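Novice: Chains C, U, H, Z, P and B, in that order, give the protein sequences.
Position one of the first sequence corresponds to residue 4 (this note's numbering), numbered consecutively onward.
Position one of the second sequence corresponds to residue -8 (this note's numbering), numbered consecutively onward.
Position one of the third sequence corresponds to residue 1303 (this note's numbering), numbered consecutively onward.
Position one of the fourth sequence corresponds to residue 2 (this note's numbering), numbered consecutively onward.
Position one of the fifth sequence corresponds to residue 177 (this note's numbering), numbered consecutively onward.
Position one of the sixth sequence corresponds to residue 8 (this note's numbering), numbered consecutively onward.
Calculated directly from the structure, the hints in this document are not laboratory data.
Take these hints with a grain of salt, some might be off.
[Stated by the list, open to error] Here's a subset of chain C near chain U, in silico, CB distances under 10 angstroms, partners left out: (1) LEU151; (2) ALA154; (3) VAL159; (4) GLY181; (5) LEU182; (6) ALA289; (7) VAL292; (8) VAL474; (9) ASN477; (10) ARG481; (11) TYR482; (12) ALA485; (13) ALA488; (14) GLN489; (15) LEU491.
Note that the structure is predicted; figures quoted are calculated from it, not measured.
Positions of the beta carbon are idealized from the N, C-alpha and C atoms, including for glycine.
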Amino acid sequence: MQHLPVLPVLVPLVFGALLLLLERTHRAKVLRIWAWIGMVSLLVVSVMLLMQVHREDLLVYLLGDWPARLGITLMVDRLSALMVLTTALLAVPCLMYACAGWDKRALHFHALFQMQLAGLNGAFLTGDLFNLFVFFEVMLIASYGLLLSGARGARVKAGMHYVVFNIAASVVFLLALGLLYGMLGTLNMTEMAARIAIAPPERTVLIHAGAGLLLLVFCAKAALLPLYLWLPEAYARAPAAVAALFTVMTKVGLYAILRVYTLMFGEAAGPLANIAWDWLLPTGAATVVLAALGVIGAPRMRIGVAYLVLLSAGTLFVAFSLGNAAAISAGLYYLPHSVFVSAALFLLADVIGRHRGGNGDYLVEIAPMTRKTLPAALFLIAAVSIAGLPPLSGFIGKLRLLEAVPDAQTGWVWAVILGSSLMVIIGLSRTGTRLFWRVDATPSDVPAPALRRAEVTAVLVLLGYGIAMTVFANPILRYTDAAAAQLLDVPGYIDTLRETAPQIREPSP
Amino acid sequence: MELAIATAIGVLAASGIYLLLRARTFDVILGLTLLSYATNLLIFASGRPVVGKPPVLRDGVAHTLANYSDPLPQALVLTAIVIAFAMTAVTVVIAMREHADLHTDHVDGEEPDNEKRRGGA
Amino acid sequence: MLELLLALPFVLALAVALSANASRRTSAWLAGLVPLLGIAVLGLLAGDVFDGSILKTQYAWVPEAGLDFTLRMDGLAWTFALLVLGIGGLVVLYGHYYLSAKDSPRRFFTYLLLFMGAMLGMVVAGNLLLLAVFWELTSISSFLLIGFWSHRQDARQGARMALTITGMGGLALLGGILLIGRILGDAGLESVYDLDTVLANGALIRDSALYPWALGLVLLGIFTKSAQFPFHFWLPHAMAAPTPVSAYLHSATMVKAGVFLLARLHPALAGTDLFFYVVSGIGATTLLVGAWFAIFQHDLKGLLAYSTISHLGLITLLFGLSTEMAVVAGLFHILNHATFKASLFMAAGIIDHECGTRDMRRLGNLRRYMPMTSVLAIVASLAMAGIPMLNGFLSKEMFFAEALEIGGHATMRLVISIAALLAGIFGIAYSLRFVHDTFFGNGPRALDVVPHEPPRWMRIPVGVLAALCIVVGVLPALTIGPLLDTMVRGTLGTAAPEFSLSVWHGINLPLMMSVASLVFGIALYFGLRRLLDFHAVVTRSIGRNVFHLNVEALFGLARRFTARVANGSLQRSLFLMILIGLLLAGVPMFGQTLPLLVGLGTPQPLPVIGWVLWALLVAATLGTVIVHGKRLTALIVIGAVGLVVSMIFVYLSAPDLALTQLLVEMVTIALMMMALNYLPKQSKASRRPLRKLRDIGIATLAGGGLAVLAYAMMMSPADTISSELLVRALPEAYGRNVVNVTLVDFRGFDTFGEIAVFGIAALVVHALLRWARLKPDEVMPGPPVQLPIAADLTQLLFPLALTVSIYLFLRGHNAPGGGFIAGLVFAVPVLVKYVLQGARAVEATFGFDYLRGIAIGLLLAVIGGVGSWWFGLPFMTSGHLDLELPLIGMLPLASALVFDTGVYVVVFAGTLLMLSTMGTVRHRQAREEAT
Amino acid sequence: MIDIAIVAGMHLVGLSMLFALWRLLRGPTAPDRILALDTLYISAIAQLILFGMLLDTEIYFEAALIIAMLGFVGTVVLSKYVIRRDIVE
Amino acid sequence: MKRRMLPSIPQSLTVFAFWLLMAEDVSASNVLMALLLAWLMPLMAARLEREFARLGRLRGGLRLIGRLLVDIVIANVTVAKQVLGPESRLKSQFVWIPLDLTNIHGISALTSVITLTPGTVSAELSEDRKHLLVHCLSTDDPQALVEDVKARYEAPLREIFP
Amino acid sequence: MSTLFELAIIFLLVAGCFFTLLGGVAMVKLSDFFRRVHGPAKASTLGVGCILVASIVYHWINGSGVHPREILITVFLFLTAPISAHLMSRAALSLMDERPPHPERTPDADAEVVDREDPAPREGG
Ligand code: NA
Ligand code: NA
């Protein structure tokens, strides 16, 4: 199992290529079987990776057997393993949902889906800043495909905004990389961290500028205020299964911020220590408030859910910016929760939209909702969870976060988090009552399309994750505690990385 | 020389940004192209470019940075060029589709003067 | 045992929910099992509880957060559980008969059991966080119950209003609990949310600087839940719920949750002036306001709702007074209120059920039509009024006594006493109104049906409760005494104070007050009778309007704001991004720009030819900007920019870059030209000169800033690991072209991702255009143009280009070239073929499946990287093989070649997939356009 | 001596490129601009060869070869566009 | 069979020469590679071409190339004078050259030759492929030009591409 | 010997650069497209050709033997320049209002057509 760290990238990539080969000759059924084989393999690999990391703390995989600072290094810590597993878990119901029919209507769906997973995992696993950029791009381009394959009209328009915005952000990413490499002379994040720590003062200005641009990029991908304008439409227009998968995309930006600004610009970074958090805490809070407003004002359920994604991103910004291990740990618990639940809501919105006789998920129209009991129940569970109401995972995450707020910030951070919860309650109760309740008591004569079993199961699986996270909150929190503590221990990374010697090559002098 | 490179980057970036902020898809694509030139030059510049020292090793010349320029930024730029190309291709096609589906080449998919809001829906 | 008690309602709720085909009766029985079994369990526990011991069960849930699944039962919890289950049982019975055929019993009982479970959980929670959990669950389940008749707008609104207000309170309560936890945690205590810890450390909490905040937040939770002024308005609107729900929620459970918590935390929070003034002040206000408004309601349930508000104010006031006896009175009144109010709601429901209206203006003289019900309702009303020999009298008497004995605060004593008297008067008045307007006088008017007695089983719950009112009222010490005693002990934690439960205390001031209020109340009622209709107009719920206005304003604001800000404008998005970029990169530079630029090393000299290139670049770039509106021109000009950039790469020692840039440029231009046919030829002129100026400004600023950064970077000394790359490239990676070695070996993983991006981009292009039909901007007349000469001349080019491509590929490791460049060199001549011969002709003979090519290329790249696993080495570890072949001699083969082959194939196939897809877009016919 | 000639040659070719760029920007018709771009490409080959001579290296041979072999692609595509609008028919 | 295995001998030869030129040294491995490519490349190209040029007598070919090189030098000097001189003296015009060549490969070759010789650019081939439109930078006697082209270039090309 | 070579190289360079420059001059100086189109022909034939020969000789005397790789560049240039010129001319012709009349359709089949000043219309949108 020496090669475990690279498998979460290779497995989906190979299956993506295989599916592309197969789609030339085989029917949808065969494709689905292979897609599931790939999916299950990835899930198994992700679980094994998490277990191994839990045993060994930090896995360093020297690609090409080059010493860490020369080549590209995969660096798997608890955070990475958590993100990889979250992605795999999320992908299962998404694939399930897509296999209910969308996969036949979107050209290259299966290949793109696997590639998207490969990109995400690559971003989570790499220890190299430029390689992070590359996998960002893999992930993004696959997401363009998933968003736009089979698209028409409004979705194409949303795609335009999404794509151009992300390309512009990528340009800034490259600028930042150029500056940072120019000043630090390496791209390995850990090595960069070590060099930043001892950078002479006359060089810090440029490094700081590079770090600032990098922050811009990650914030743009994570949809932080005011860089979130692309998100609502893109997420609301994406095919349901894709929108659900996208819920993890903003989290990649957050992941990157957490990674870069704890490792490279963390406590040990001298004059550049903790440069990001002072910016992020207030903007994160503002994002939360604005997103909550968005939830309230949403004309469509899916727009509302998109704002919920935004809200969770804002909450995570707050959590990570607080900078203490407990808050980061709370954030790391909250992250998969919000991914799963908002994904469930996206899928539900699609199911609901199809059962409202052509009115979709627009909230203004009064439309008879056929077969509403199960969707309504699922909506209720998801809404309770995402609003942070007890007893579900959202509550536990927020609870932990509230507890972790330092005294100095307690007042306003609590106000923001609790206030946004209230606004979400207001918004979602309106959404729910409009969708499920505001109809005639007498059922219509129109025969209702049956709920597709795969789709409902997908939602159930996602909500099941949330419930499992509630029940097993304690072990999960213990894991995230360890992950947070690990993140803050920068010397640990530097030492491990420098001590990891190539197998046959000479180590760096 | 550094001044020339820096100003070239500046001009490319400024022009790119200006075009990026235009309202038409094609202008935006042009802007992105110029911006990616600026970006590539900046990454390239991070290797402290010199004239006439390509990083192709020759016998009898010590393999040090005194005799060869920094290969790493060049490799990075290569990757960046390719990725920028891929992105351009996708953007171009989206622009085509947007124009076909929505009958406008405005980046927002609708002409600003005849805004057709989806009334209440 | 406690777990069992708590699990009962949830398990059976699930059972009811899942019993899809069960009859109404089965559902009701399943629901009824909960109170039956639950009370049995309580009975088993009664011995211990009455002995004063505290039962406790604890499971770890989220110990990290201090949230444990702790169940704890003392007298207070036991009594409340009894209340919840007992009244719950009666409500189930009543509800079974109340629901109409259209109402789904399954839904109703599921919600009801959920709510019951939430209440039970809150009551027996031994951990404050767990209490908050159940607290919010009661809000959620009550939301479902209130909105049960979801097709009615008032039901939906009432439900949302209740959820919003109580939800807000719940969040505040959570904040308060967390603050309490923080206070105790700061004091070094463990398990800070454990109820025992909290109750035992009241002094610590009260002395903390955070106490006012904690108290305020907890009280916000309590006041919203218990409908205290000014949050009381949700309760009348919750009357849109089916009557069993009202009877349950608003007599014994939901609204009592607030006062329960007041009692529960009394030892921890009470005892300060702040507590005294705030709680009793709010309680007194609510007491009066509720009672006053109750008089003017025409809806039976509306009257009962305001009366409930008033009585909850009374209870709150009692807890605010904080003396032990006041607490006793408060607890006593909780029980009494539950009994008479539940029965009154049920009675109101019966009347509604039988008469089809609850409007007292249309009702009257019902004692003739439903005598039994009338008697029961009258008994309960009199209990509500506080008439002697009924339970309400006893606790009211205790209240008067306490009001008169407030120590230390003379003014407060006077104010509260007057308030008590007034409230008594109002209480008599509205109770009288309830009795008189419904059962006596003239009427009923304009009913569609002739009222008659309800089914027996619907009346029995009312009867049971009315009987309780009488029994307790007559024999308090015997019946309620022990219960109250253990309840008080549970609340105060100490031995209960001496209190006397007797009907007759002699003629004293409280009795005088009772008499006075009776007299004045009757006078008030009859005095006001003629004014009632008038008042009906005046006394509309202000709170509701305020809430409604606020909520609607919030929705409107949110909608407008969101639509205005996130209006989908890409330009705004990009502008903001650049602005933020300026800010983030500029702030560290601010004030340091000059120091950044001076004192650096000496720049390298640039010969004139360098400046010529510079001038070419700048001129072409600015030219692009100037002509950007004319697209064909802009494309040609930008082609020149690309050429100059590659010249610069050559000049600055980067031949590989130059090659790549050149080839990519060619393909890009082809791509753009293909797209241009489906886009307008010219940009529409923008009519926003100011925006143009703004954009020029910000672009200049950003460009200038970047130039400064770039200059400063180039001028500062480099400190890079690249020297090691140069040293190790040849001996360890077997290549002289270090750029290529970096691409396929040192940083092969980047290239791996890069070709994935490239291949996927081709897939995306294909996916977007394969099924699309596009309308060309302009169609030239005539058949496809023949270019025989050009086509013929390229005949020789193709094999030569292919040869060069193979050369570049094989030599790439040692000279400029490599898989990517070679792939493009192969692809571009094919593109020329496409252009000159047409897609059909090419694809008919060429016969490459580009999609498959991408897949195979990617797999090849993986194989090239995975090969090293055979030797137990990491992914992409390069090997080296010196093939000693006869004839040929040494053939050096680096394993990276396999990987590079993958690159080659992906690039070739990807490029051609893009180009051929774009070139063979199907045109939209004029006919299709019309539809 | 040769070096001086080479450098002088580079300047001449550079001048030629500036001229071509002038035509490129000036137009007036699309074929004029295409022609100017084509001229730029050819001048670039000359420039590359001269540069290779100046530094006495063959490292720039590939770039010159590629321009010579494929530099006409832009011309072909652009001209085809002017002729037919549809580049691939 | 031969056509399938070796679709075009001239192409094979060119590729062979090309590889050796690029590879810089004539080692055994390079020759082997060149042979391999000389066989493979035309096969590859055959997937894109409907037919390859068949060559007739090649003897005239070398002479033609030599003549062309000389003409290029001379014409360059002439044209240089014309360009640097006053533009008003230029007498530019289009000339239709009637073709005797019928082989399309021959026509292409002629087009190339005309274009490569400074002062003339072949602009268009008529649809019936019987006339070639040529633009002259400056000529006083178009008829002489037509005859010159036909004699100097078209005649030898007709031998090569029968 | 080497001086002779040097002189030859310098001569070739001067000639090559001169003709390359001439291509540029033609770009600027001449007044219509069909005159300017003759420019690159000079640059790509004699201009680049001379410089290439100079380069071959230069590397020959400076380095290790004859590597006439530059011939390949010439071959490609000679192969592709006519294609470019042909297509550009076609493009320009397609924009002309009055195209040279086709010989079949004019009474005098071999008559030449003198083009007018600036025959190509301005680029239209
Ligand atoms: Na076409
Ligand atoms: Na086409």
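Novice: Which hint numbers doesn't this structure obey?
Specialist: Failing hints, ascending: 6, 7, 8, 9, 10, 11, 12, 13, 14, 15.
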